[in-house]
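K.L.:
If you read the protein sequences in the order shown, they are chains A and B.
Here my numbering is used: position 15 in the first sequence is 15, and no number is missing along the way.
Here my numbering is used: position 104 in the second sequence is 1104, and no number is missing along the way.
In case anyone wonders, no lab produced these hints; they're calculated from the structure.
Fair warning: this is a prediction, and the values are worked out from it, not measured in the lab.
One thing to keep in mind: the hints can contain errors.
Covered stretches of chain B (in silico footprint by chain A; criterion: 3 or more residues with CB under 8 Å from a CB of chain A, positions within the stretch not fixed) [claimed, not checked]:
1) 1064–1073
2) 1102–1108
3) 1133–1147
4) 1164–1178
Ideal placement from N, C-alpha and C gives every residue a C-beta, glycine not left out.
2 protein chains.
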Amino acid sequence: MTKRNKVYIATSIDGFIADKNGGIDWLNETPNPDKDDLGYADFMANIDAVLMGRNTFDIVRGFDMDWPYTVPVYVLSNSLKEIPADIQDRVFLVNGPLTEVLAGIHKNGHGQLYIDGGGTVQGFLKEDLIDDLTITHIPVMLGEGIPLFKTMPNRMDFELVSSETKIGQLVQTHYQRMR
Amino acid sequence: MTKRNKVYIATSIDGFIADKNGGIDWLNETPNPDKDDLGYADFMANIDAVLMGRNTFDIVRGFDMDWPYTVPVYVLSNSLKEIPADIQDRVFLVNGPLTEVLAGIHKNGHGQLYIDGGGTVQGFLKEDLIDDLTITHIPVMLGEGIPLFKTMPNRMDFELVSSETKIGQLVQTHYQRMR
């Protein structure tokens, strides 16, 4: 089984994933007349399951749409007590040390994971558990907000896999960890 | 006279321009057998003068080479008392509010300026005085260090001019301020 922990996330030029109020409307202000999916379907084609934090879970639940994931979703949370009944067959609560969480997910047969949410991504980066990182840079400086990166204990070298411009204005760059 | 304030700088994936000790050796670790200049000559071809902070000035002075700039260099500093004798014909001390500093440089006939150094760039960004921003992303996460961006008071929208991969590993992106 291929095991890879992957990040696919958008940031402002100055490195924020949300504004100071948690708002993400600025992510979608670039004209996109052909509804380009910015590589999302291609990315998800090689994902077995999603692992997200509780904040991201709440944001996705708040969207006015059906549950959007076709793969199993693991929600990493110590505070959440149970998953709402309507999605209990597709969403699973996990907690504990990340390596143990991963071992459990792998045991379920899910090797290629989409790691999502600022805090969860930071937790994985701190333990050097991210293998692939796709960052889409939005051409705006927010000035302040929720950062993608916080202090990490060690330097980590990556390799550029590809970089391309999406809808004329977004730069999407894929890095993989050199090990 | 065309007046534009331009930044041309490299950062780590996590947004640092130097490591926690001010070190920048990691900038030059990507193999570059053909000594590609990463667009520097093209960038400098449209620069009338350089404006840098005192730290950057000290770093450049510390390099084991002749003074590298062929255009006038303005050093923004309140602490520096005088410019060393060997470069007094090419380097000029300035200080005061940035708009006044700029007015003085423009009066000297220098309109297209290379704004360099972390603190100086941050000062210009805080006052929304940057027109062009070329960021070269190095595929490494340092974990900690001297950040390119600090908190800024306002959101600023940019436009992607171009993005290209340099020496197979660096992503160089040129943005211009939308006004």
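K.L.:
Look at each hint and say if it fits the structure.
P.N.:
Verification of the supplied hints:
1. 1064–1073: violated (count 0)
2. 1102–1108: violated (count 0)
3. 1133–1147: Answer holds; 9 residues pass the 8 Å Cβ test.
4. 1164–1178: Our answer is that it holds, as 7 residues pass the Cβ test (under 8 Å) against chain A, meeting three.
Checked against the numbered hints above, the structure violates hints 1 and 2; every other hint is satisfied.
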